[in-house]
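Asks: One line per chain: the protein sequences are G, R and H, in this order.
All letters in the first sequence, in the order written, are residues 1 to 340 by my numbering.
All letters in the second sequence, in the order written, are residues 1 to 158 by my numbering.
All letters in the third sequence, in the order written, are residues 1 to 564 by my numbering.
Treat the hints loosely; a few may be bogus.
[Claimed, not checked] Short derived list, chain H residues pointing at chain G, Cβ under 8 Å:
hint: 1; residue: LYS184
hint: 2; residue: LYS447
hint: 3; residue: PRO468
hint: 4; residue: ALA470
Don't read these hints as lab results, they were simulated from the structure.
Computed from a prediction, not measured in an experiment: that's the story for all the values here.
In this text, a Cβ means the ideal position worked out from N, Cα and C, and glycines have one as well.
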Amino acid sequence: MTLHRGRGFAAINYPIGMNLGGDPSQALVHSNPDGKFTVALSAIDLGQGMKSVTRQIAAETLGVPIADVYVDTADSDTGPHDMGSFASRGTHRMGNAVIQASLEARAVMLEAAAEELEVDAGDLVTDGQGNIHVRGAPSRTITTMAAAQAAQFRQGRTIAGRGIFLVPLSEVDPETGEMSPVTTFAHAALVVEVEVDAETGEVEVLDIQSAYEVGRALNPGLVEQQLRGGAWMGMSHAAWETTEPYYPDRDHGPVDFDHYAMPGPGDLATHHISVLERPAEDGPYGGKGPGEMCANPVLPAVVNAIYDAVGVRIDDLPVTPEKVLRGIRANGGARPRQAL
Amino acid sequence: MTKIPVTLTHNGAERAAFADPGQNLLDFIRRGLGDLSPKYGCGQGSCGACTVTIDGETRLACLTLAETVEGCDVRTAAGLGQGATLDPLQQAFMDHFAAQCGYCTPGMLVSARALLDRNPNPTREEVVEAISGNLCRCTGYDPIIDAILSLAGRKASA
Amino acid sequence: MSDRRSDRNGFEMRKDLFADERDDDLNEIGKRIRRQDIEGHVTGRSPFYDDHLFDGLLHIRCVRSPHHHARIRRIDTSEADRMEGVVRIVTGRDVPVNLNTLLSLLDFGLDDEPLLSEGKVAYRGEPVAAVIARTEAQARAATRTVRVDWEVLPHVLDVEEALKPGAPTVNETYPGNAFVYHGKYDHQKLRYGDVDRALAEADHVIEGRYQMSPIEQAPIETCGAIAAQEQNGRYVCYTGTQALFFSLGTASKLLELPSSRLHFIGGTVGGGFGGKVDSIHEPLAILGTMLTGQPCKSQWDREEEMQVGAPRGAERWYLTDGVMNDGRIVARKFTGYFDSGAYTRLTSYAVIKCAGHLPGPYTIPNVHADVYCVYTNRTPATAMRGFGITGVDFAIEAHMDKVAETVGLHPVELRILNAYRDGDMKAHRRLAKNCALVECCQVAAQKAGLRLSPDMLAASSKTGGGGPRAELPAHTATDQNGLVEGFSSGSYARKGGAPASPAIVATLPPGASAPASRPAAPAPEPKDPAPRPDAPRADTSPPARKPARSGAMRFSSLSGFRRR
Numbered sequence: 001m002t003l004h005r006g007r008g009f010a011a012i013n014y015p016i017g018m019n020l021g022g023d024p025s026q027a028l029v030h031s032n033p034d035g036k037f038t039v040a041l042s043a044i045d046l047g048q049g050m051k052s053v054t055r056q057i058a059a060e061t062l063g064v065p066i067a068d069v070y071v072d073t074a075d076s077d078t079g080p081h082d083m084g085s086f087a088s089r090g091t092h093r094m095g096n097a098v099i100q101a102s103l104e105a106r107a108v109m110l111e112a113a114a115e116e117l118e119v120d121a122g123d124l125v126t127d128g129q130g131n132i133h134v135r136g137a138p139s140r141t142i143t144t145m146a147a148a149q150a151a152q153f154r155q156g157r158t159i160a161g162r163g164i165f166l167v168p169l170s171e172v173d174p175e176t177g178e179m180s181p182v183t184t185f186a187h188a189a190l191v192v193e194v195e196v197d198a199e200t201g202e203v204e205v206l207d208i209q210s211a212y213e214v215g216r217a218l219n220p221g222l223v224e225q226q227l228r229g230g231a232w233m234g235m236s237h238a239a240w241e242t243t244e245p246y247y248p249d250r251d252h253g254p255v256d257f258d259h260y261a262m263p264g265p266g267d268l269a270t271h272h273i274s275v276l277e278r279p280a281e282d283g284p285y286g287g288k289g290p291g292e293m294c295a296n297p298v299l300p301a302v303v304n305a306i307y308d309a310v311g312v313r314i315d316d317l318p319v320t321p322e323k324v325l326r327g328i329r330a331n332g333g334a335r336p337r338q339a340l
Numbered sequence: 001m002t003k004i005p006v007t008l009t010h011n012g013a014e015r016a017a018f019a020d021p022g023q024n025l026l027d028f029i030r031r032g033l034g035d036l037s038p039k040y041g042c043g044q045g046s047c048g049a050c051t052v053t054i055d056g057e058t059r060l061a062c063l064t065l066a067e068t069v070e071g072c073d074v075r076t077a078a079g080l081g082q083g084a085t086l087d088p089l090q091q092a093f094m095d096h097f098a099a100q101c102g103y104c105t106p107g108m109l110v111s112a113r114a115l116l117d118r119n120p121n122p123t124r125e126e127v128v129e130a131i132s133g134n135l136c137r138c139t140g141y142d143p144i145i146d147a148i149l150s151l152a153g154r155k156a157s158a
Numbered sequence: 001m002s003d004r005r006s007d008r009n010g011f012e013m014r015k016d017l018f019a020d021e022r023d024d025d026l027n028e029i030g031k032r033i034r035r036q037d038i039e040g041h042v043t044g045r046s047p048f049y050d051d052h053l054f055d056g057l058l059h060i061r062c063v064r065s066p067h068h069h070a071r072i073r074r075i076d077t078s079e080a081d082r083m084e085g086v087v088r089i090v091t092g093r094d095v096p097v098n099l100n101t102l103l104s105l106l107d108f109g110l111d112d113e114p115l116l117s118e119g120k121v122a123y124r125g126e127p128v129a130a131v132i133a134r135t136e137a138q139a140r141a142a143t144r145t146v147r148v149d150w151e152v153l154p155h156v157l158d159v160e161e162a163l164k165p166g167a168p169t170v171n172e173t174y175p176g177n178a179f180v181y182h183g184k185y186d187h188q189k190l191r192y193g194d195v196d197r198a199l200a201e202a203d204h205v206i207e208g209r210y211q212m213s214p215i216e217q218a219p220i221e222t223c224g225a226i227a228a229q230e231q232n233g234r235y236v237c238y239t240g241t242q243a244l245f246f247s248l249g250t251a252s253k254l255l256e257l258p259s260s261r262l263h264f265i266g267g268t269v270g271g272g273f274g275g276k277v278d279s280i281h282e283p284l285a286i287l288g289t290m291l292t293g294q295p296c297k298s299q300w301d302r303e304e305e306m307q308v309g310a311p312r313g314a315e316r317w318y319l320t321d322g323v324m325n326d327g328r329i330v331a332r333k334f335t336g337y338f339d340s341g342a343y344t345r346l347t348s349y350a351v352i353k354c355a356g357h358l359p360g361p362y363t364i365p366n367v368h369a370d371v372y373c374v375y376t377n378r379t380p381a382t383a384m385r386g387f388g389i390t391g392v393d394f395a396i397e398a399h400m401d402k403v404a405e406t407v408g409l410h411p412v413e414l415r416i417l418n419a420y421r422d423g424d425m426k427a428h429r430r431l432a433k434n435c436a437l438v439e440c441c442q443v444a445a446q447k448a449g450l451r452l453s454p455d456m457l458a459a460s461s462k463t464g465g466g467g468p469r470a471e472l473p474a475h476t477a478t479d480q481n482g483l484v485e486g487f488s489s490g491s492y493a494r495k496g497g498a499p500a501s502p503a504i505v506a507t508l509p510p511g512a513s514a515p516a517s518r519p520a521a522p523a524p525e526p527k528d529p530a531p532r533p534d535a536p537r538a539d540t541s542p543p544a545r546k547p548a549r550s551g552a553m554r555f556s557s558l559s560g561f562r563r564r
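Please put together the full structure from these sequences, using the hints given.
Replies: Below you can see the structure in the form of structure tokens.
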């Protein structure tokens, strides 16, 4: 058994919130008389954390504790229009809609508090702990719950807000492709280390050292989930997965997980992640969207690492032992480079 | 269609329900017993989302005939913890961000609980082995392995 | 929290970078807060669509084509009708508006795909009938007894073969086997500067061909939906869609039901990765409920998820770079083929997204791309994580490694040297801002212990851009290659031209929709001459009167309004 190690590099950027057809998102926010807020959406949480990130955005904007906010999605009778969660548009579009809705609701909440405190609403601030007080005078204070109760039972105000985020439709020039596809891009670069068995052609991904720039990381826990799981998926796309092993031939397509191969818990690479945050001008609190782009750099980095290890270029995914072995044979043997 | 009466212990409670001939245990637990925690992911025994324990052994409910659990002790993720108190394993999954979409989570928890019950101090390799039949498409597994390992050395739950 | 993760892995926030562009003193943003839905997930109480139980639930299973391409001469359901447990067999005739394209809701593209195919099939696995039965096993058994008389047609599976003259026509809506952009070209063009001239003047010309494999999204929860009757003639639909109003609008259009009669509930989905946008199960389940009056479930098994459910399609890329001895890339030329399978779904959009992304995160003064959405006789492709970008990024970054080797430059330094920076003009003719590629390269290299030259370590996304790099090319070479006749401009993505016609489609009687949207295109397959009911036969809830405004009309007229 002859094992060769190699390293490969790749760098990418990724368009956040592709602007197809204008395609806006809406959000509604309202408070109960006890000062607890409900955010109503039609966005989908398919594991990326839509409910959680919009909850944080609403709490931050409203100026109330996260425990006082609940996100209710997706019921078409109560949630306003949103096409869906795809194209890295969830955080960007819906996050901005939630900010707008929360700002409108917050303004009413502050007006209610101002009336109770007999001050100007413009002089009020929230402490994020459930209190509203006069700027510079923390003792002149009212709880968000008391403000909400006053709004409901004394003042007859509805603490509610509507939000929409629309990036105007971008035309595309048929002749040159001129367009405004998106307003912001996420970035990534990484180094992958592989080990190639020159006798069997098997490739093992050993380690990933990555840098991901995601705008502001709205929740580092959710960002880490995306990056770690996404890089795993990238490794899987590079060296494991295909629905058509002999594409374009349609034969031998997998019909179960025994034949649609993916790395299991025993096949993992170690992954050291660094997160960079360059806030996006029009992202919610500068956030972009880490969910889609995280897999992309792993695919080319793996094939580049295989070249570094044994001198074989694989330009046709997925990498299979057969392709590696054929490459080694065509070269008259492994040609370790270890140039990186 | 002749119905088959099945009496079993389900998450500690005596239950009886009728199964259809040929009905699999996953469908029986979900529709017959109303416990929706085991999930359908493949119906082929290759994803582990329907993992339950039968008399303490992990089994794939989609490949088990419902009528064969007569008199057995069947446990699912819905039976973890004591009343409103979560099992430490559930708490560990929450603390370690060990779930994203959550669809594989119940099956994963059943496999992990079974491991910790028979081996309260597993190595990483033993954890990997124990969950190798439970597929997860979201997390890349490491947060799940870490969550389970964080309980290694603790006493097994009741 | 010391045991939060094992030592195998690292996770750090590089707060030192771009610190002057952030206020990190926020209450909730930037905090590692537990997911709102996590307790539901660990207790098994999170309500996925299949976790809604209904008494008398019926199960829908489809009869599928065993052929890549075949005409349907006859469908004989007489044996299946007599099978135990079978309640109803549905064919294309039962679908009120049996032709759609997903992006018609955004006024992009022409209707090209039936819910249940009538005239012919264009991929193996294409549904031609659906059996509704009391149990899933009964539905499954009955599908095997449906007899279809097929006339097998020649098929084409390779993207480049499909574009050759004489190739079998896969999709009659696009007889040339390519989606038509702006009603004008059989591909999307990107033209910036003069690539051929720059290639001629470059020190090195480096070519490559790359093939991205088709990939299954493989969510652990398979796609599906459950529909049931609600009140006031409404239907509730519990769905695993990742696009609630896409699915609602699609059901509204196909079933000719006003959206006010549809109540969609979802939002808790067992993984999607792009594979749950296609909105096939929702209309099918609702149609089943309309026809039987009982709750119906449509759900793929794992085999269908893998072979019938749309994958991210394969892509083939040809790249040619012109590079100077010092490593500057002066020209980059792409020809890309997205394999859309038999129908459009979302590939047309991926091509636009891709064109706007080229030439990757680099500032290159001459860029040329022809990107095709190609129809082949395979499972239609759809979105997946990174859609439109993953395949070409694989090509670009594998190619960059070859460029680095050719000019003898460190692979990381080649990237930093060519990286786009704030103020640079991009090939889609917008200025770059908020760039961070250089910093990502530096951090990754540093972590891996790669040594970079002082120049490269000192580089920044914030400096070195703009100035002459902000200017548009003095001359851009354009061409009319791939001009297509006979299509009205059916795409939002266009300049000038008459408004697209899909808005007309919904105002025509069902079954007469296809030709209206492309007046000069060849006629579609002859339809079964049998009369079509105005509404599904068993729809007994409010009188089966045609709604004044269908969902499809609502969406199309909305976007039509926007255009004018």
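Asks: Determine for every hint whether it applies to the structure shown.
Replies: Hints versus structure:
no.: 1; hint: LYS184; verdict: holds (5 Å)
no.: 2; hint: LYS447; verdict: holds (4 Å)
no.: 3; hint: PRO468; verdict: violated (20 Å)
no.: 4; hint: ALA470; verdict: violated (15 Å)
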